[in-house]
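Colleague: Listed below are the residues making up each chain.
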Amino acid sequence: MRKLRMIPDNTRIRFMWLRRFNFPASVFLSTLSVVLFIFIGPHYGIDFRGGSLIEMKPVTTPYNLASIRATLGGLNLGDVQVTEVSDAVSGTSVLVRVQQQPGGDAAQEAAIAKVRKAFGDTVDFRRVETVGPTVSSELAYDGTVALLVTMFAILAYVWFRFEWQFAVGAIVATAHDVLMTLGFFVVVKLDFDLSSIAAILTIVGYSLNDTVVVYDRIRENLRKYKKMPLPELLDRSVNETLSRTVMTSSTTFLALLALFIFGGEVIRSFVAAMLFGVIIGTYSSIYIAAPVLIYFRLRSGRATSEGETDTVGAPGQA
Amino acid sequence: MLQIARWKVVSVLLAVLAAVVVVTPNFFPKAAVAEWPAWLPHQRVVLGLDLQGGAYLLYQVDRTDYIQKRLRTLLSDVRTAMLENPRIGYTGLSLQGQGVQLRVRDLGRLDDVRKRLEPLRNTLSTNLLAGGGVHEFDLTVNPDGLTRLTYSQAGLAERVRGIVAQSIEVINRRINQLGTTEPSIQRQGEDRILVEAPGLGDPQRLKSLIGQTAQLTFHLVDGQISSEQAGQTPPQPGTVRFPSTDNPSLIYEVDDVPLMTGEDLVDAQAGFEQQTNQPVVNFRLNTSGARKFADVTSKNVGRLFAIVLDNKVISAPVIREPIVGGSGQISGNFTVQSANDLAILLRAGSLPAKLTIVEERSVGPGLGADSIRAGKIAAVIGTILVALFMFSAYGFFGVIANVAVVVNVLLIIAVLTLLGATLTLPGIAGIVLTVGMAVDSNVLIYERIREEFRQGRSALAAIDLGFKRALATILDANITTMIAALVLFQLGTGPIRGFAVTNAIGIVTTVFTAFTFTRMIVALWVAWRRPKVVPI
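These protein sequence lines map, in sequence, to chains U and B. Every letter in the first sequence is one number past the one before it in numbering that gives the first Met the number 0, and letter 279, counting from 1, is 278. Every letter in the second sequence is one number past the one before it in numbering that gives the first Met the number 0, and letter 68, counting from 1, is 67.
Read the hints as simulated data drawn from the structure, not as lab findings. A couple of the hints might just be wrong.
Unchecked claim - Quick list of in silico lysine-lysine cross-link-like pairs, DSSO-like style, CA-CA up to 30 Å:
1) B:K531 <-> U:K2
2) B:K375 <-> U:K223
3) B:K7 <-> B:K531
4) B:K375 <-> U:K226
5) B:K467 <-> U:K56
6) U:K113 <-> B:K311
7) B:K311 <-> U:K116
8) B:K311 <-> U:K223
9) B:K68 <-> B:K291
10) U:K56 <-> B:K29
11) U:K56 <-> U:K188
12) B:K467 <-> U:K225
13) B:K291 <-> B:K7
14) B:K298 <-> U:K2
Claimed, not checked - Here are some, though not all, of the chain U residues that point toward chain B, as calculated from beta-carbon distances under 10 Å:
15) D8
16) R48
17) V88
18) G131
19) L146
20) W158
21) W163
22) V167
23) A169
24) I202
25) D215
26) E219
27) R222
28) T250
29) L258
30) F261
All figures in this text were calculated on a predicted structure; none of them were measured in a lab. Using N, Cα and C, we set each Cβ at its ideal position, and we do this for glycine too.
Next up, chain U with everything else stripped away, as it sits in the complex (with noise of 0.2 Å):
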């Protein structure tokens, strides 16, 4: 029987040399992230906007998506955003997004009570969420902090089982894939919310899984090749494990796949952040993580080290 290889054997290709052209690429578009961020924004969902995400779903069907949108509006409830969502297992249901009200947290209570009681039993309430402002504003302070966290965690941990360049590397690089995801979010229009931050998290462990990998050849090359030009030796390393890197994000971008198309409407924005984020993540191991590498004079501290013996350890020797 073939086999199916994603990657031929023997792939050469020259990324220290790519890194000219897609360097400024990575620069230009995280830099727009941030721009877009920041001036343009996300679609905040209810976590850190507060406000109410209602889904519903019709009793009698067909239904009428205006008659509902009239007495939602003749609530009084200021902006509300009325969209219908459908996935393979539940069907079509009515999404209603009320905005904050003023009055703080009893406020968005009243609202809820509202609508239930304008709709009765005509609808089935499938969800109902509200945030008040002063768990909204919370939310978003923790999640940033998770964030950072999360990131300073890793660098030390990368600094502690590599070198403080890998470290750096490894920071770019993650970085880079955080930057970018925020674009997306802003760019594909997703509610941005609290499980958008689980997804970057996500990503962010998912992207440095990657990243490692292509660290831990590099660094085992450094010792096994101690004259070789280190952008070779880079271009080298990212070649080697290329086979590897591709087959893993083809079979965690199928899962998460089948994830986006079968798995509802509950989690699908988050699903599609870690779509985008597989293949950012990839992207970001192979095209910046090692790349970025070069500039950190790796070599220069490592040639007097002959000390040092070569053990690339399997700590879960038995």
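Start from chain U and add chain B according to the hints.
Modeller: What follows is chain B alone, placed relative to chain U:
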């Protein structure tokens, strides 16, 4: 590396078998599992509120409401203390921020002032240090006579802690009386209470039961006015005004000191008025309450007395005759359910402070069931896609990887079941993601073996070395992912925490499977076939 001791093989197989046994109840209907003999496992994975439907309600104690009330009593205590014989002259006694302030006229008696107000600082006992305690208020007496009693940081924190504890107790009592659901009620942070009620799609009744302070007081009525009149004239001294529940434009002016409070009640039951068949609430008073009630009603026959619940008058019946038996009846515009709920509230006691919902998430049972179905379908299809892909890339070794993934998923569900951790929809996503990423360990090993083999090593040496080198990488790569999962666990609540849980468990089982199960299968295969080439 490839020689594996027999006892290791046996223990790995036993671990997998144990996982299968633990997981089994999850694949049968709940009712069927309940009838299984006792020696079989019964425990199932706990489904999150987003999967079984239910309400997540986060309440915050309204401390300003409480503090205002507390300061008002402090104010009257200060007044009493100062007016005690021999009285000390003062001016400007008032509420000031989080405290009470006054100006002493006679500057020669500041020491007396300090002595009199000292007891009002009120020592609150803390559980942390036996015998230790904190003062609720700080007392400052300035040489110019300006005197303040203000809440101390520690005192306020201790008060809030007490309020939360007491509120949880009251909520517990109220909900237990409801008897239908088994919600969990927990303190969260400093001043929050989290109520999670599975199975409740519309938590309206639960919310109205928890949300009412249920402070019941009885007052003698001094007069009835319309809301317009109330806006124009201030209340008479010694009276307060409460609107009627049924008719908001009707305002009762009543004595500000209540005749009785809910604390005098020993029992309350819903019932029916015998003549009109209207739902009512019957209550019984404790001995001292009964005596007081008898006393007041006999002196005030013909007057109205107002039954006030949370600053609204439910009803204001006429006292026709002295009520001496210590029991009475509250009639109002009740339905059977609202009479029942009021009885529950009165039996359970009042909340020490108002509770406000700051976050609510409720999922109806329909969406929950759909989510379970969607999660299952996505998981099955995702696994099939990954398995097909692995098989087409690695052939027989792909099959080994696929078996390892199945073992991995079994282990995740087994660990979830044993820990009693909650499975949510994002949690299912975490499992599916693990399926995608778990094959990574196999990919790392296989690619490494291929590489070593292409560099001219023998098949055996290549496999041996491939494992040895890949395992270090696998460990490193997974620890970084673990860091992200742990932070997420800290940050997340509810569904998202479920994702972090399955993700973290998935990472552990992935490493475990790579180090034990995959290696064992490959070792057994090598021992059996003695391959000359690597079939990858």
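Colleague: Against the structure, test the hints numbered earlier, and report the numbers of the ones violated in rising order.
Modeller: Failing hints, ascending: 2, 4, 5, 8, 13, 14, 16, 20, 21, 22, 27.
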